[in-house]
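Colleague: Residues per chain, in single letters:
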Amino acid sequence: NAGVMQNPRHLVRRRGQEARLRCSPMKGHSHVYWYRQLPEEGLKFMVYLQKENIIDESGMPKERFSAEFPKEGPSILRIQQVVRGDSAAYFCASIGGGAATNQPQHFGDGTRLSIL
Amino acid sequence: TQLLEQSPQFLSIQEGENLTVYCNSSSVFSSLQWYRQEPGEGPVLLVTVVTGGEVKKLKRLTFQFGDARKDSSLHITAAQPGDTGLYLCAGAPTDSWGKLQFGAGTQVVVTP
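Going down the list, the sequences are from chains D and G.
If you're matching positions, the first sequence starts at 15 in my numbering and goes up one per residue.
If you're matching positions, the second sequence starts at 70 in my numbering and goes up one per residue.
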């Protein structure tokens with residue numbers, strides 16, 4: 015999965031702490047998607063961002079979760095006051111410009127979040 | 070609710086045999102992508118199909134998109150142990166900003 019960089023690869027947090035997950039898209043890509051993969055489940059869409067804009071956050075939980083993609087720097091998925099149910103693998107994918115529905119999405123290797 | 074049904078969930082075959090994985094839905098997709106995922110890694114894109122009836126070949130892998138753009142199949146000819154992995158299909162519904170709906174995956178095991 016060269017190109018899309020996610021860090022950290024593994025993150026351990028205690029209940030109530032904050033988790034910050036970072037995603038740097040492939041070079042030249044300005045659109046980022048975040049997906050969550052719960053244990054024994056498929057990947058589920060969370061949020062779609064372009065630089066400085068949230069386009070679609072219909073898959074994001076209403077509370078504690080937020081995402082941003084600033085003009086400079088990586089996209090950040092932030093989870094406040096984490097709970098055990100937030101334990102999952104979080105993946106981001108990037109595309110270039112153009113019609114988003116036909117663009118192949120390239121994924122990073124994910125961040126495995128574990129809540130103690 | 071899983072809108073993309075993948076079958077079978079698990080497939081174990083001998084080296085040299087052929088296999089087919091199916092991905093079905095009642096929804097129409099603008100595009101459909103196939104990925105392969107190894108444990109601890111992210112999905113790796115194999116192919117994107119866009120046109121109804123489209124067939125794409127990638128060495129021993131053949132991908133087909135249904136005429137109505139609701140279903141797809143992945144066929145592997147003469148499977149090798151290196152083909153072992155989790156195969157995922159993912160569709161982008163029309164007017165969806167490209168957000169993918171994933172199937173649950175098919176775990177393929179190819180034994181020597």
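There may be inaccurate statements among the hints.
Unchecked claim - Below, computed lysine to aspartate or glutamate pairings styled on DMTMM-like, alpha-carbon distance capped at 20 Å:
1. K58/D x E84/G
2. K58/D x E86/D
3. K58/D x E77/D
4. K58/D x E110/G
5. K58/D x E74/G
6. K58/D x E71/D
7. K58/D x D164/G
8. K41/D x E86/D
9. K65/D x E54/D
10. K139/G x E74/G
Unchecked claim - Only some residues are given here: those of chain D computed to face chain G with a beta carbon under 8 Å:
11. I69
12. G110
13. H120
14. G122
15. D123
Bear in mind the hints are in silico, worked out from the structure with no lab data behind them.
Please read all numbers here as calculations on a predicted model, not as lab measurements.
C-beta: ideal position from N, C-alpha, C; glycine also.
Colleague: Could you run down the list of hints and mark each one as holding or not?
Modeller: Checked hints:
With a C-alpha separation of about 33 Å, the suggested pair K58/D and E84/G falls outside the 20 Å cut-off, and the hint is violated. Between K58/D and E86/D, the direct Cα distance comes to roughly 27 Å. Violation of the 20 Å bound is thereby established for this hinted pair. Between K58/D and E77/D the CA atoms are separated by roughly 17 Å; this keeps the pair inside 20 Å, and the hint holds. For the hint linking K58/D to E110/G, the alpha-carbon distance of about 16 Å falls within 20 Å, and the restraint holds.
At roughly 14 Å between alpha-carbon atoms, K58/D and E74/G fall within 20 Å of each other, so this suggested pair holds. Distance hint between K58/D and E71/D is fulfilled; the C-alpha atoms sit about 12 Å from each other, no more than 20 Å. For a cut-off of 20 Å, the pair hint linking K58/D to D164/G stands: about 17 Å separates their Cα positions. Taking the CA atoms of K41/D and E86/D, the gap is about 13 Å. The hint holds against a cut of 20 Å.
For the given pair, K65/D sits about 32 Å from E54/D by alpha-carbon distance, which is inconsistent with the 20 Å threshold. Between the alpha carbons of K139/G and E74/G the distance comes to roughly 11 Å, so the proposed pair stays at or under 20 Å and holds. Against a cut-off of 8 Å between C-beta atoms, the interface hint on I69/D holds, since the closest Cβ of chain G lies about 6 Å away. This hint is violated: G110/D has a C-beta 11 Å from the nearest C-beta of chain G, more than the 8 Å allowed.
Interface hint status for H120/D: upheld, as the beta-carbon distance to the closest one in chain G is roughly 6 Å, under 8 Å. Proximity of G122/D to chain G holds as hinted, the smallest CB-CB distance being about 5 Å (cut-off 8 Å). With its C-beta approaching chain G no nearer than about 5 Å, D123/D sits inside the 8 Å limit, and its interface hint holds.
In this structure, the earlier hints numbered 1, 2, 9, 12 are contradicted, and the remaining ones agree with it.
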